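If you read the sequences in order, they're chains A and B.
First residue of the first sequence? That's 14 in the numbering used here, and the numbers climb one at a time after it.
First residue of the second sequence? That's 14 in the numbering used here, and the numbers climb one at a time after it.
Any given hint could turn out to be false.
[As the list claims (entries may be wrong)] Per the computed footprint, the stretches of chain B lying under chain A, defined by three or more beta-carbons under 8 Å from a beta-carbon of chain A, are:
id, segment
1, 81-89
2, 205-217
3, 344-350
4, 407-415
Note that these hints are calculated values from the structure, not bench results.
As the structure is a prediction and not an experimental result, all values here were calculated from the model.
Virtual Cβ for every residue (Gly too), placed ideally from N, Cα, C.
2 protein chains.
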Amino acid sequence: MLIDIPDKRKARIVIIGGGFGGIHLAKKISDKNIQVIILDRNNYHTFQPLLYQVATSALEAESIAYPIRKIFHRNRNVFFRLGEVKEVVPSEKKVLIDNDHLFYDYLVIATGAKTNYFGIEGLTISSMPMKSINEALDLRTMILQNFEKILMISNERKKQGYMNFVIAGGGPTGVELAGALGEMKQNLFPKDYPELDLSKMNIFLVHSGDRLLQMFSPASSERAKRYLENLGVTMVLNTRVLDIQGDYVQTSTGKDLIARTLIWTAGVTGNPVSGIEQCVNKSGRIKVDEFNRVTGLENIFAIGDVSCMESELYPGGHPQVATVAIQQGERLAKNLMRLLNRKPLKPFRYFNKGSMATIGKNKAVIELAGLKAGGSVAWLIWVFVHLMSLVGFRNKAITLFNWIRYYFSSDHGLRLIITPFNLLEEKRKRRKELEKT
Amino acid sequence: MLIDIPDKRKARIVIIGGGFGGIHLAKKISDKNIQVIILDRNNYHTFQPLLYQVATSALEAESIAYPIRKIFHRNRNVFFRLGEVKEVVPSEKKVLIDNDHLFYDYLVIATGAKTNYFGIEGLTISSMPMKSINEALDLRTMILQNFEKILMISNERKKQGYMNFVIAGGGPTGVELAGALGEMKQNLFPKDYPELDLSKMNIFLVHSGDRLLQMFSPASSERAKRYLENLGVTMVLNTRVLDIQGDYVQTSTGKDLIARTLIWTAGVTGNPVSGIEQCVNKSGRIKVDEFNRVTGLENIFAIGDVSCMESELYPGGHPQVATVAIQQGERLAKNLMRLLNRKPLKPFRYFNKGSMATIGKNKAVIELAGLKAGGSVAWLIWVFVHLMSLVGFRNKAITLFNWIRYYFSSDHGLRLIITPFNLLEEKRKRRKELEKT
Numbered sequence: 014m015l016i017d018i019p020d021k022r023k024a025r026i027v028i029i030g031g032g033f034g035g036i037h038l039a040k041k042i043s044d045k046n047i048q049v050i051i052l053d054r055n056n057y058h059t060f061q062p063l064l065y066q067v068a069t070s071a072l073e074a075e076s077i078a079y080p081i082r083k084i085f086h087r088n089r090n091v092f093f094r095l096g097e098v099k100e101v102v103p104s105e106k107k108v109l110i111d112n113d114h115l116f117y118d119y120l121v122i123a124t125g126a127k128t129n130y131f132g133i134e135g136l137t138i139s140s141m142p143m144k145s146i147n148e149a150l151d152l153r154t155m156i157l158q159n160f161e162k163i164l165m166i167s168n169e170r171k172k173q174g175y176m177n178f179v180i181a182g183g184g185p186t187g188v189e190l191a192g193a194l195g196e197m198k199q200n201l202f203p204k205d206y207p208e209l210d211l212s213k214m215n216i217f218l219v220h221s222g223d224r225l226l227q228m229f230s231p232a233s234s235e236r237a238k239r240y241l242e243n244l245g246v247t248m249v250l251n252t253r254v255l256d257i258q259g260d261y262v263q264t265s266t267g268k269d270l271i272a273r274t275l276i277w278t279a280g281v282t283g284n285p286v287s288g289i290e291q292c293v294n295k296s297g298r299i300k301v302d303e304f305n306r307v308t309g310l311e312n313i314f315a316i317g318d319v320s321c322m323e324s325e326l327y328p329g330g331h332p333q334v335a336t337v338a339i340q341q342g343e344r345l346a347k348n349l350m351r352l353l354n355r356k357p358l359k360p361f362r363y364f365n366k367g368s369m370a371t372i373g374k375n376k377a378v379i380e381l382a383g384l385k386a387g388g389s390v391a392w393l394i395w396v397f398v399h400l401m402s403l404v405g406f407r408n409k410a411i412t413l414f415n416w417i418r419y420y421f422s423s424d425h426g427l428r429l430i431i432t433p434f435n436l437l438e439e440k441r442k443r444r445k446e447l448e449k450t
Numbered sequence: 014m015l016i017d018i019p020d021k022r023k024a025r026i027v028i029i030g031g032g033f034g035g036i037h038l039a040k041k042i043s044d045k046n047i048q049v050i051i052l053d054r055n056n057y058h059t060f061q062p063l064l065y066q067v068a069t070s071a072l073e074a075e076s077i078a079y080p081i082r083k084i085f086h087r088n089r090n091v092f093f094r095l096g097e098v099k100e101v102v103p104s105e106k107k108v109l110i111d112n113d114h115l116f117y118d119y120l121v122i123a124t125g126a127k128t129n130y131f132g133i134e135g136l137t138i139s140s141m142p143m144k145s146i147n148e149a150l151d152l153r154t155m156i157l158q159n160f161e162k163i164l165m166i167s168n169e170r171k172k173q174g175y176m177n178f179v180i181a182g183g184g185p186t187g188v189e190l191a192g193a194l195g196e197m198k199q200n201l202f203p204k205d206y207p208e209l210d211l212s213k214m215n216i217f218l219v220h221s222g223d224r225l226l227q228m229f230s231p232a233s234s235e236r237a238k239r240y241l242e243n244l245g246v247t248m249v250l251n252t253r254v255l256d257i258q259g260d261y262v263q264t265s266t267g268k269d270l271i272a273r274t275l276i277w278t279a280g281v282t283g284n285p286v287s288g289i290e291q292c293v294n295k296s297g298r299i300k301v302d303e304f305n306r307v308t309g310l311e312n313i314f315a316i317g318d319v320s321c322m323e324s325e326l327y328p329g330g331h332p333q334v335a336t337v338a339i340q341q342g343e344r345l346a347k348n349l350m351r352l353l354n355r356k357p358l359k360p361f362r363y364f365n366k367g368s369m370a371t372i373g374k375n376k377a378v379i380e381l382a383g384l385k386a387g388g389s390v391a392w393l394i395w396v397f398v399h400l401m402s403l404v405g406f407r408n409k410a411i412t413l414f415n416w417i418r419y420y421f422s423s424d425h426g427l428r429l430i431i432t433p434f435n436l437l438e439e440k441r442k443r444r445k446e447l448e449k450t
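One chain only, chain A, in its complex shape:
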């Protein structure tokens, strides 16, 4: 039993993961007699949609992360514990965390998704993922370090390797990151590196499909492509990145790209906990029924990216996006209440609010309900929606300040190399080991 948690009252609900799903679930559990325990390996909630702005030093990490304890200051029935969940033992209603354990009445697995390197060692060690605050900061370090390194190298071929960036994946993450890098190339680097010929800097956006943002309409994909081209991004469509060795990025067309930096947004897989392997499908997601109950298990639920609820509309499960996680969290909160009050559960229905992606400073594509829009209008809507979604007044205010400032000055306020570069190596080694296990 974890120390310092008072005895439960009506029931104890343990939530693994403080992402969108877990947080919204906990917030909605109204009954003060129900004890909620959130477990996470970080002490903060991350607003993942803006990670690319941390990576491109448009925002500091603190603006898009929020301490989980602070979110629940006023909820005395909600507890938080920082730690790594080792295993779930359904037969004993037990969760193993660090060197301790914890009993639950109801368990909710909301552990999200993780980067999928498809077991390719080159990708695992040398590509840069962007799923967490730390990975975003490492990517920032990498981008800025590259340019500092170029100034210390004479070999033209080597220089090119540092000057080129390959982004794998033409989804929102890849597109938004490509746009931000394109703006750095246009607005920031010329000021920071007047000695460099930046026309030699290439940003390759490699995408396996024949158009970007495939969840959008072809028209929006076209728009995004045009916006990116104006920012100097080179689209490489119908192509998959296979591996990276040194400063060669190998692709499925046999045409290699010269680049030391490969940003990997081309694969995610569910991030399930061990102990329930029998319920995990081949894409690493936990099979759940229409009430988010894990198939074949008692009192265990899974929500968000890590869950897979097959339905007519979504035969392969819902898209792994924040809105699904939030809606499932809120639905499950109500259902848990009904469960405790012996009422029948209500099935989850996803209300797709649509999608949006921003490209650079004042361009975006959005498709909300019927509305399709692009350009500055779409961008303003994007800004508004994201500001409103940020947790906490401080983060809203500082983010708005940074964006307004950037809009008028085109100048990133930050761009500090915070991760000591030599530590990146060690982190990667660790990543390799983690992947093995």
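Chain A is fixed; fit chain B onto it per the hints.
Okay, now just chain B, sitting in the frame of chain A:
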């Protein structure tokens, strides 16, 4: 020769270190025909006086750091290179940096001071220094992690070790940090850790002298002591910290303190470059004449914390504070101009503007010229002076916003554990190796 630096014109001045001294020197070199090259291991300038606020998560790192390239956007004769200076070769007017080298006409060593562990292995490995952004972030991680850990431990004795903090050194850094920790204990931790009995948390400020802030008057020292006591800090005077083993902090009085966290502000030493050992005194500072010329060397200067200019008023050299570095940098800029125009140099005279230290939210002690003040008045002056000294409008604005917000809400906006804790171990190992060499 470093790549991508155009041929020098009138002369090339190489500055090692982008601290207060180096930056102010470079800013004041007016002659556009003189090439200035700044070398630093970080790509940013650090406003060290506010590091303790980053460590106590009152400010984010980005608010007190500023990209060096950005400072000199408009000075096309100023160049920056990121790298570790390996050695200086006076006989060849050469600086070895990373795997490259660079020739100078005039060299300015502005490498500042570093933490002095006095060769004690326990301190080197286990104490937390606070001289850099990274060290401040590591300290933040340590402080927050301790409290998360306590909640996972049953052994009361072990708990106490994580709950206690020992700060070694009763100078401004130690006093300001103790005050900030005291406020976290009063305002932040009760909200974040309602399950903990915080009356058991102890903050020990261990100081070798018989009063804090010895550069201040006894009256101000008394004030500081009183302010700290009100914040629940325990003063341990006339005592030196000898070592830390596990959660035992050993002191010179033989009375051990139980604490896992020892924050080490009790010793600094000059941080000279290798190659000029013969000019370094026993406190690690480079001996310079009244013009900051390194004794016995041609065309090499040293300014700021790393330099030691002995004079009647300052027989042991000037205090190692920002104002000295700034004034020496500005003086040297003028003298270098005079040198190039074959005019006689003017000796450096330190104008002591006085000292100030803040204790918590709205208390401070200041001694400026004749004026001695304490309380809120002093605190407001402190706030004003530090805001004005911060580089850049963005940093001023966001810092002011955070301070106002904190003043009224007593709530730290941040407190994210950003440094992955397991990396601290590796960093320490590295520190041990560095100390050896």
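Hint check:
no. : hint    : result
1   : 81-89   : holds (count 4)
2   : 205-217 : holds (count 5)
3   : 344-350 : violated (count 0)
4   : 407-415 : holds (count 6)
This entry does not satisfy hint 3, going by the numbered hints stated previously; all others are met.
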